[in-house]
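Engineer: Generate coordinates for the entire structure from the input sequences, incorporating the hints supplied.
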Amino acid sequence: MGIAERLIEDVGLRRGVSKLTPEKIEKIVSAVITGETGARLKAYAETCMRCGLCAEACHFALSHPDDPSFTPAGKVHQTMGVLLRTGGKVDPEFIYGMAQLAYTECNLCRRCVHFCPIGVDTAYIISTVRRICHKLGVTPQYIQDTAHSHSATSNQMWVKDDEWTDSLMWQEDEAREEFPGLRIPLDKEGADIYYSVIAPEPKFRTQLIYQAAAILHAAGADWTMPSEPGWDNSDMCMFTGDFEMMGRLKRRHFESAQKLKVKRIVMGECGHAFRSVYDVGNRWLGWRWHPVPVIHAVEFYWELIQEGRIKLAKKFPGPVTIQDPCNIVRGRGLQDKLREVTRFLVEGDIIEMRPNKQHNFCCAAGGGVINCGPPFKNQRVAGNEIKAQQLAATAEKGVKTVITPCHNCHGGLHDIIHHHKLGMELKFLSDIIYECMEKPEA
Amino acid sequence: MNAAYEFVTGPLAWAAWGIFLLGSAWRLYSMYQLAKKKDASSMAFMDWGFSLRSIVNWLIPFNALGWRKNPAMTVATFVFHICLILTPIFLVGHVMLWDQFFGISYATLPDNVADIMTLVVIGACLYFAGRRIMQPEVRYITTGQDWLALTIVLAPFLTGFLAYHQALNYDLMIILHVVAGEIMLAAIPFTRLSHMVFAAFTRAYMGSEFGGVRHAQDW
Amino acid sequence: MNRTFPLLLAAALILAFAQGALSQQDMKTLAPAAYGKLTRPAAQFNHDQHNEKAKLEECVACHHGGKDGKQDKSASTEGTPCADCHKLKTGGKGTALTKAYHKQCIGCHQAKGKGPVACGQCHKR
Ligand code: HEM
Ligand code: HEM
Ligand code: SF4
Ligand code: SF4
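Protein chains in written order, with my numbering: chain S, 1 to 442; chain C, 1 to 219; chain D, 1 to 125.
To be clear, the hints were calculated from the coordinates, so they are not data collected in a lab.
Just to be clear, a hint being listed does not mean it is correct.
[Stated by the list, open to error] Straight-line C-alpha distance at most 30 Å; calculated DSBU-like pairs for lysine-lysine:
{"id": "1", "chain 1": "D", "residue 1": "K55", "chain 2": "D", "residue 2": "K112"}
{"id": "2", "chain 1": "S", "residue 1": "K42", "chain 2": "C", "residue 2": "K38"}
{"id": "3", "chain 1": "S", "residue 1": "K188", "chain 2": "S", "residue 2": "K439"}
{"id": "4", "chain 1": "C", "residue 1": "K69", "chain 2": "S", "residue 2": "K261"}
{"id": "5", "chain 1": "S", "residue 1": "K357", "chain 2": "C", "residue 2": "K69"}
{"id": "6", "chain 1": "C", "residue 1": "K37", "chain 2": "S", "residue 2": "K27"}
{"id": "7", "chain 1": "S", "residue 1": "K314", "chain 2": "S", "residue 2": "K357"}
{"id": "8", "chain 1": "D", "residue 1": "K93", "chain 2": "D", "residue 2": "K53"}
{"id": "9", "chain 1": "D", "residue 1": "K103", "chain 2": "D", "residue 2": "K93"}
{"id": "10", "chain 1": "C", "residue 1": "K38", "chain 2": "S", "residue 2": "K24"}
{"id": "11", "chain 1": "S", "residue 1": "K89", "chain 2": "S", "residue 2": "K160"}
{"id": "12", "chain 1": "C", "residue 1": "K37", "chain 2": "S", "residue 2": "K135"}
{"id": "13", "chain 1": "S", "residue 1": "K135", "chain 2": "C", "residue 2": "K38"}
{"id": "14", "chain 1": "C", "residue 1": "K37", "chain 2": "S", "residue 2": "K24"}
{"id": "15", "chain 1": "C", "residue 1": "K36", "chain 2": "S", "residue 2": "K89"}
{"id": "16", "chain 1": "S", "residue 1": "K337", "chain 2": "C", "residue 2": "K69"}
{"id": "17", "chain 1": "S", "residue 1": "K42", "chain 2": "C", "residue 2": "K37"}
{"id": "18", "chain 1": "S", "residue 1": "K19", "chain 2": "S", "residue 2": "K135"}
{"id": "19", "chain 1": "C", "residue 1": "K37", "chain 2": "S", "residue 2": "K89"}
{"id": "20", "chain 1": "S", "residue 1": "K135", "chain 2": "S", "residue 2": "K42"}
{"id": "21", "chain 1": "S", "residue 1": "K427", "chain 2": "S", "residue 2": "K337"}
{"id": "22", "chain 1": "D", "residue 1": "K114", "chain 2": "D", "residue 2": "K99"}
{"id": "23", "chain 1": "C", "residue 1": "K69", "chain 2": "S", "residue 2": "K42"}
{"id": "24", "chain 1": "D", "residue 1": "K103", "chain 2": "D", "residue 2": "K37"}
{"id": "25", "chain 1": "D", "residue 1": "K103", "chain 2": "D", "residue 2": "K87"}
{"id": "26", "chain 1": "S", "residue 1": "K397", "chain 2": "C", "residue 2": "K69"}
{"id": "27", "chain 1": "D", "residue 1": "K55", "chain 2": "D", "residue 2": "K99"}
{"id": "28", "chain 1": "S", "residue 1": "K135", "chain 2": "C", "residue 2": "K36"}
{"id": "29", "chain 1": "D", "residue 1": "K67", "chain 2": "D", "residue 2": "K89"}
{"id": "30", "chain 1": "C", "residue 1": "K69", "chain 2": "S", "residue 2": "K27"}
{"id": "31", "chain 1": "S", "residue 1": "K42", "chain 2": "C", "residue 2": "K36"}
{"id": "32", "chain 1": "D", "residue 1": "K87", "chain 2": "D", "residue 2": "K99"}
{"id": "33", "chain 1": "D", "residue 1": "K55", "chain 2": "D", "residue 2": "K103"}
{"id": "34", "chain 1": "C", "residue 1": "K38", "chain 2": "S", "residue 2": "K89"}
{"id": "35", "chain 1": "D", "residue 1": "K28", "chain 2": "D", "residue 2": "K89"}
[Stated by the list, open to error] Just so you have them, the derived chain S footprint on chain C, three or more residues with Cβ under 8 Å:
{"id": "36", "region": "24 to 34"}
{"id": "37", "region": "184 to 198"}
{"id": "38", "region": "210 to 218"}
Quick reminder that beta carbons are idealized off the backbone N, C-alpha and C, glycines included.
Structural biologist: Shown next as structure tokens:
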């Protein structure tokens with residue numbers, strides 16, 4: 001049992017490994033471990049009691065009940081454990097498996113934190129493994145392509161500068177048919193809100209920008225979007241282990257907001273982007289908190305509802321269930337606000353998946369796993385049998401709609417629902433708000 | 001016999017306690033220095049309130065999700081750790097020695113209660129060993145270090161029990177027991193048993209990060 | 001590992017009880033009435049045999065005198081049982097009975113390098 005028995009061919013991993021020598025591996029492993037880690041890794045490695053309590057936590061392990069090599073401690077044992085035991089004296093083929101495991105079999109979702117009495121942060125350890133893989137140049141092809149895009153364009157999807165503004169103007173144009181007074185204000189200095197999105201939105205989910213503009217317009221918000229790079233809040237470099245690039249991306253995002261002297265940043269319905277801006281990038285940059293306050297769309301919608309700024313023409317027909325995105329639930333504690341917003345929007349029952357809220361199961365797409373692309377898709381879907389069971393249980397009670405306020409969760413659940421033919425549809429909150437809100441000008 | 005007993009309860013005991021206390025202090029100090037040097041972006045979030053919140057919540061049996069999903073282990077580990085710590089501290093045989101050597105005397109456990117607690121520790125150790133052999137997810141991650149820690153802990157309880165009941169050769173057993181106890185003390189800073197020293201801090205950090213940054217529970 | 005320990009334990013228990021049953025009836029012990037119910041087997045002590053073996057001629061070697069917690073090694077209290085002076089619990093002054101026994105017996109055994117020093121060597125089952 002173990003990663004060596006389930007290797008999947010990937011061009012990026014293969015090319016990276018072909019350039020490795022044992023000397024280079026040893027050098028980089030020790031450079032990262034002595035240079036970039038400290039007491040945290042040391043204490044985790046030493047005090048993990050190998051009790052196996054965390055096995056019950058991980059959707060990968062629960063979906064492969066007979067294979068302990070998918071448990072959190074089992075994954076650490078096969079990767080960082082080996083590096084620490086051998087001092088990095090491993091062969092290139094080992095690095096292939098280590099990289100595949102770290103990039104595609106752990107979503108860094110931190111559910112295992114709720115299971116470890118010692119307080120070992122498996123996600124931190126696996127991130128550190130990825131950091132080593134990045135420095136070794138062994139990264140899956142698809143996610144590395146997005147990281148390259150980040151480096152070249154400051155956005156994840158190779159969106160060119162003119163395409164970005166063009167997309168915004170296009171959406172503004174379209175929306176003005178429905179809301180004649182609507183604007184997508186570009187570079188408005190001193191606005192209350194700087195609205196940032198992930199690059200897949202302009203690339204192939206432009207209706208989300210349309211809907212956000214409609215909601216902000218209807219709420220009478222004073223908002224803006226930047227015309228220059230910095231607009232993309234996503235971050236695949238955080239997940240490949242290219243922390244230098246992650247730092248530059250986060251800095252660019254914050255500085256773009258600072259340049260416009262906005263009061264705060266509102267981020268669209270994405271989990272990983274929120275993690276990168278709210279929790280990870282700032283730390284790499286040495287900022288304890290954020291130079292501009294950051295808030296996630298779920299919390300923002302919650303505020304608008306509290307202030308009575310979203311008025312509904314109708315309610316969305318239930319029953320619905322809710323997918324709690326790890327990065328805003330375990331990452332920001334938004335589970336209750338998410339339910340209040342859902343309650344406000346939906347007529348009928350909210351049928352909960354169990355476990356839910358901060359104990360939810362990850363979608364198995366997050367942490368960059370879905371971004372590793374088609375070669376790993378089957379393994380990813382198979383690794384979340386447990387989510388399929390959760391969804392099926394709600395489907396049996398009549399749920400047709402899964403409220404899913406995260407791009408990664410959308411992708412992950414989409415594949416699971418499709419594979420298991422569950423016939424459920426996924427909705428962002430903004431889909432529902434847009435669909436149900438009063439549109440007086442229309 | 002007398003010379004051996006005197007040696008193991010004298011110089012060797014001093015050495016064991018010295019290694020345990022100074023070793024633990026040194027490990028804590030050097031770990032703290034390393035954390036300050038290398039983990040500033042984590043240290044910045046350390047918070048007393050959230051640390052305690054996390055520790056308290058994990059000290060309540062069946063409170064954390066991990067405890068609830070592993071009920072047998074929860075019972076075993078709570079009972080094990082409680083008996084493991086309380087038995088030697090309040091044992092008549094041990095308090096007598098404190099009194100004899102340092103004039104320190106305090107409450108003791110009745111012998112039969114201590115005897116049962118000792119059996120509980122031995123039983124728990126056997127249960128842990130059984131898991132390591134039988135449960136695939138535990139077997140998969142078990143290393144020599146883990147067997148070492150378990151053996152080091154089992155030894156003083158097993159020999160203490162045999163000595164108390166004067167089974168086998170008492171004179172030999174009591175010496176073995178004292179040596180086993182001393183090995184355990186001295187091993188705490190340098191083996192898996194160092195979790196006694198570090199667990200509070202790893203837990204505290206997790207609590208601080210989840211409480212202060214993520215506004216979420218870590219249990 | 002998990003198979004040998006229960007066996008060992010069982011063997012140990014059998015041995016422990018067998019030993020108790022075989023103890024000599026005429027063995028003299030130190031078990032003053034002051035203790036009431038004993039929590040450990042009475043300490044084995046055959047007065048004459050002990051003194052012969054230890055070549056003790058002066059009673060004062062053990063039967064010392066003293067007052068207010070101060071020992072007087074010159075004042076003999078020959079014939080007085082320890083428990084007459086040493087109470088089970090002291091009111092702050094003097095040495096409690098158990099401690100007096102332990103201090104005196106073990107102390108001497110340690111000094112001479114001979115005689116029982118560990119619990120079970122006196123409190124034999
Ligand atoms: C400096 C080291 C130690 C010394 C000098 C020492 C001494 C003793 C003595 C004199 C006894 C009484 C035996 C009897 O009644 O005949 C005893 C019993 C015992 N000791 Fe220790 N000990 C030491 C360390 C430890 C440690 C570290 C532990 C466990 C963590 C331990 C656990 C026990 C147990 C469980 C018993 C038997 C209790 C029973 O079954 O009633 N000891 N020890
Ligand atoms: C005082 C704070 C301590 C804490 C917070 C603590 C916590 C833990 C935790 C969380 C585990 C993980 C597995 C489980 O839950 O059983 C564990 C296991 C263990 N602990 Fe402790 N412990 C402490 C003290 C000690 C001490 C003083 C010893 C012995 C010297 C000890 C010996 C062990 C052993 C042998 C295991 C391994 C169990 C196995 O093999 O599965 N612990 N402890
Ligand atoms: S996927 Fe989530 S639960 Fe599983 S090991 Fe990674 S962080 Fe832990
Ligand atoms: S629960 Fe924690 S201590 Fe136990 S094996 Fe998992 S990571 Fe290690």
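Engineer: I'd like to know which numbered hints this structure contradicts. Please list them from smallest to largest.
Structural biologist: Violated: hints 4, 8, 11 and 30.
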